[in-house]
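S.K.: Protein chains in written order, with the working numbering: chain C, 1 to 271; chain R, 1 to 271; chain F, 1 to 271.
The hints are simulated quantities; they were obtained by calculation from the structure and are not laboratory data. Just so we're clear, the structure is a prediction, and the values are computed from it rather than from any experiment. Misleading hints may appear alongside valid ones.
[As the list claims (entries may be wrong)] Some chain C residues near chain R, calculated using beta-carbon distances under 7 Å: (1) I6; (2) G139; (3) P151; (4) G155; (5) A157; (6) L160; (7) E161; (8) G165; (9) A232; (10) A266; (11) R267; (12) F269; (13) V271.
Positions of the beta carbon are idealized from the N, C-alpha and C atoms, including for glycine.
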Amino acid sequence: MSHFTITKPSPSFWRASFSNPPVNVFSVQTILDLRELVDAAERDSDLTVLLFESANPEYFCAHWDLADDLSGLAGDPPTPTGQQAFVDVLIRLSKLPVITVSSIRGRARGAGSEFVLATDIRFASRERATIGQFEMTTGVAPGGGGVSRLPRLVGRARALEILAGADDFDADLAALYGYVNRSIPDAELDRFVTAFAQRVAGTDRGAIAELKSWVNATTLPEDEEFGPQSDAFFSRVAGPRVSGWISRAFEQGLQQPGDLEENLGARGFDV
Amino acid sequence: MSHFTITKPSPSFWRASFSNPPVNVFSVQTILDLRELVDAAERDSDLTVLLFESANPEYFCAHWDLADDLSGLAGDPPTPTGQQAFVDVLIRLSKLPVITVSSIRGRARGAGSEFVLATDIRFASRERATIGQFEMTTGVAPGGGGVSRLPRLVGRARALEILAGADDFDADLAALYGYVNRSIPDAELDRFVTAFAQRVAGTDRGAIAELKSWVNATTLPEDEEFGPQSDAFFSRVAGPRVSGWISRAFEQGLQQPGDLEENLGARGFDV
Amino acid sequence: MSHFTITKPSPSFWRASFSNPPVNVFSVQTILDLRELVDAAERDSDLTVLLFESANPEYFCAHWDLADDLSGLAGDPPTPTGQQAFVDVLIRLSKLPVITVSSIRGRARGAGSEFVLATDIRFASRERATIGQFEMTTGVAPGGGGVSRLPRLVGRARALEILAGADDFDADLAALYGYVNRSIPDAELDRFVTAFAQRVAGTDRGAIAELKSWVNATTLPEDEEFGPQSDAFFSRVAGPRVSGWISRAFEQGLQQPGDLEENLGARGFDV
Numbered sequence: 001m002s003h004f005t006i007t008k009p010s011p012s013f014w015r016a017s018f019s020n021p022p023v024n025v026f027s028v029q030t031i032l033d034l035r036e037l038v039d040a041a042e043r044d045s046d047l048t049v050l051l052f053e054s055a056n057p058e059y060f061c062a063h064w065d066l067a068d069d070l071s072g073l074a075g076d077p078p079t080p081t082g083q084q085a086f087v088d089v090l091i092r093l094s095k096l097p098v099i100t101v102s103s104i105r106g107r108a109r110g111a112g113s114e115f116v117l118a119t120d121i122r123f124a125s126r127e128r129a130t131i132g133q134f135e136m137t138t139g140v141a142p143g144g145g146g147v148s149r150l151p152r153l154v155g156r157a158r159a160l161e162i163l164a165g166a167d168d169f170d171a172d173l174a175a176l177y178g179y180v181n182r183s184i185p186d187a188e189l190d191r192f193v194t195a196f197a198q199r200v201a202g203t204d205r206g207a208i209a210e211l212k213s214w215v216n217a218t219t220l221p222e223d224e225e226f227g228p229q230s231d232a233f234f235s236r237v238a239g240p241r242v243s244g245w246i247s248r249a250f251e252q253g254l255q256q257p258g259d260l261e262e263n264l265g266a267r268g269f270d271v
Numbered sequence: 001m002s003h004f005t006i007t008k009p010s011p012s013f014w015r016a017s018f019s020n021p022p023v024n025v026f027s028v029q030t031i032l033d034l035r036e037l038v039d040a041a042e043r044d045s046d047l048t049v050l051l052f053e054s055a056n057p058e059y060f061c062a063h064w065d066l067a068d069d070l071s072g073l074a075g076d077p078p079t080p081t082g083q084q085a086f087v088d089v090l091i092r093l094s095k096l097p098v099i100t101v102s103s104i105r106g107r108a109r110g111a112g113s114e115f116v117l118a119t120d121i122r123f124a125s126r127e128r129a130t131i132g133q134f135e136m137t138t139g140v141a142p143g144g145g146g147v148s149r150l151p152r153l154v155g156r157a158r159a160l161e162i163l164a165g166a167d168d169f170d171a172d173l174a175a176l177y178g179y180v181n182r183s184i185p186d187a188e189l190d191r192f193v194t195a196f197a198q199r200v201a202g203t204d205r206g207a208i209a210e211l212k213s214w215v216n217a218t219t220l221p222e223d224e225e226f227g228p229q230s231d232a233f234f235s236r237v238a239g240p241r242v243s244g245w246i247s248r249a250f251e252q253g254l255q256q257p258g259d260l261e262e263n264l265g266a267r268g269f270d271v
Numbered sequence: 001m002s003h004f005t006i007t008k009p010s011p012s013f014w015r016a017s018f019s020n021p022p023v024n025v026f027s028v029q030t031i032l033d034l035r036e037l038v039d040a041a042e043r044d045s046d047l048t049v050l051l052f053e054s055a056n057p058e059y060f061c062a063h064w065d066l067a068d069d070l071s072g073l074a075g076d077p078p079t080p081t082g083q084q085a086f087v088d089v090l091i092r093l094s095k096l097p098v099i100t101v102s103s104i105r106g107r108a109r110g111a112g113s114e115f116v117l118a119t120d121i122r123f124a125s126r127e128r129a130t131i132g133q134f135e136m137t138t139g140v141a142p143g144g145g146g147v148s149r150l151p152r153l154v155g156r157a158r159a160l161e162i163l164a165g166a167d168d169f170d171a172d173l174a175a176l177y178g179y180v181n182r183s184i185p186d187a188e189l190d191r192f193v194t195a196f197a198q199r200v201a202g203t204d205r206g207a208i209a210e211l212k213s214w215v216n217a218t219t220l221p222e223d224e225e226f227g228p229q230s231d232a233f234f235s236r237v238a239g240p241r242v243s244g245w246i247s248r249a250f251e252q253g254l255q256q257p258g259d260l261e262e263n264l265g266a267r268g269f270d271v
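With the rest of the complex left out, here is chain C (with noise of 0.2 Å):
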């Protein structure tokens, strides 16, 4: 596993650092390593909660690597649910029978917005967290869950402003939106994600399994709602806008540290 290091404070409280230099992307590679770790996760009979950090402050997860392809994965079997690999991922992330928590400090746009909504929980930086589905701005919806995602959390008004206008979020606005849980100041987010998952690490592993069905049974989309969604996705990043976007968002400095990825809300939609 190369893009999570993983440290277990206690057998019940595992911490998963995601690092994947410059910009902290999600890749093919991190695909694989993730459900590494929900297989991992899966079949440990002491982990209560599993929490997500990233180890460059500036990025949590910029976006999908724009770089990569899935192509990687064409031999693969098809996954455990049937859904494109980076959605199955995220749905198996999202029923794990433990809790799961992402402290986010840094940027989380893009497939980064849908890998913390897949999380059970967001804390976010007050000074230091940014948050949102630039997708748009290229020209395509989110397709990795995102649009089944949102509206079950934030409403339909909020979901169609935060995916159709593509912009960034801070977390003061998120937290009122319940984009992320709450907007903690930078100086105690690590102290409070800390003293949070000790609290879940020290309940009981099988009232936490029941807890999290109960909730799953009324919150989480059905899994079939996502195939339409990703299925757009690929065909319209095939397209000439969207891959016009991405040739020109390449020239302009993307997935590089500097002003287009640190301001890809405002700028993305003139590249």
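With the hints as your guide, set chains R and F onto chain C.
M.R.: Then chains R and F, alone, in the frame of chain C:
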């Protein structure tokens, strides 16, 4: 079209300014004009975003025109949705394959609130927006869709408070509740909503239509839900309690600028 | 009726003041009294609004009476809903054809939280309300409906945080989450809730009943959802982990005024 003035900053961005002096009541003519606008929006292949504003900064839309009646529509063929004419045009508005935005300055009560609830996104002037469903002060529940749309946006508890309490909400409280997306300082509202609309106007019409259809599928009420509500509304409006309220309210200045319209939430129970 | 004192400011407005010294635990007797109150409310043709308050400003309702047991109900006929007695009376409360309001001053934890979640509207004292589901600190998920009601009110992410983290929430954070409708300065709370109730009391009982039935149809859990949750609760409460917690907690001052009850959210995992 006499109640909406349409301007087109670009082929993909239309602004509709509502004017029906003196307090912008929503009348049969407004239904006919909104139908015409919805028809045009459905047919247009470039349109991506439709923005509603008011020509009157004190009244976005006071409420249904209680001096009007719907008998002028009596000979009409059934509506496309099979629902009552006001409900029908709001259902069709809510399903347009474009993003609809309300920029709320002034009062939006009763049918005016139901109108903005049928648009996708609501931005409200912090100092000058007032929103509410005053109907229960007259003795009848709202009949134009608010009863179905509010719980999905703001949850059961706040929907029942808004509907049963029938009071006015300012923009900040409405934003806390999710009744509007955001409260924006009045001096920034026009620039903010224009910039938002221009972002949506800059993306892909086909991608917007896909996005909205997916969000619609999990967030819109079934059309059939509205029927019993509008039936009960017309039944109670014809009864002595509500018709008595309407008569007294007209004697006290209803539908004219002045204290009653300005403070309808506070004064409604005392009419 | 020994735990609720009913006063009737008008035929359409009843106040129910809860008192079960010293910390207002919810016991079998409270179930029986609440049943009697729900029966009376169902039969009354004038009642429009039912307001719940606490006679103890420190404890709205501490939690379920862990010194009590339900065996006193063992010979009773099946409940009207077929659900366990506590769940049953809360389901019936939630479906009353009147608006129910909780005015929360002091602590409302566990069954106390589930009680207010079964009322339609919650107003909370900014300085003096504390609300939470502490059950997971003992090793069991809440069994009285909170698991079903919270996700519908506050969304998946915040519901899982509240339920799995099992911590206390003050009124402002609870209002941000939608766990309560609003946080009101303590000095204004009584006047505010009375004025709200008087508004509802001034409208039409039939219109309120229609309104609430329409909102119920899209916002209430199915009765059957609660059964597995209460079954699991009683099963785990009888097991060594939870029963051990209860024994130790009584030795440390449970159900008596003092540090443990005051700070149950913070102290629960250390019992």
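S.K.: Now look at each hint and say whether the structure bears it out.
M.R.: Hints, verified against the model:
no., hint, verdict
1, I6, "violated, 35 Å"
2, G139, "holds, 4 Å"
3, P151, "holds, 5 Å"
4, G155, "holds, 5 Å"
5, A157, "holds, 5 Å"
6, L160, "holds, 5 Å"
7, E161, "holds, 5 Å"
8, G165, "holds, 5 Å"
9, A232, "holds, 5 Å"
10, A266, "violated, 10 Å"
11, R267, "violated, 12 Å"
12, F269, "holds, 5 Å"
13, V271, "violated, 11 Å"
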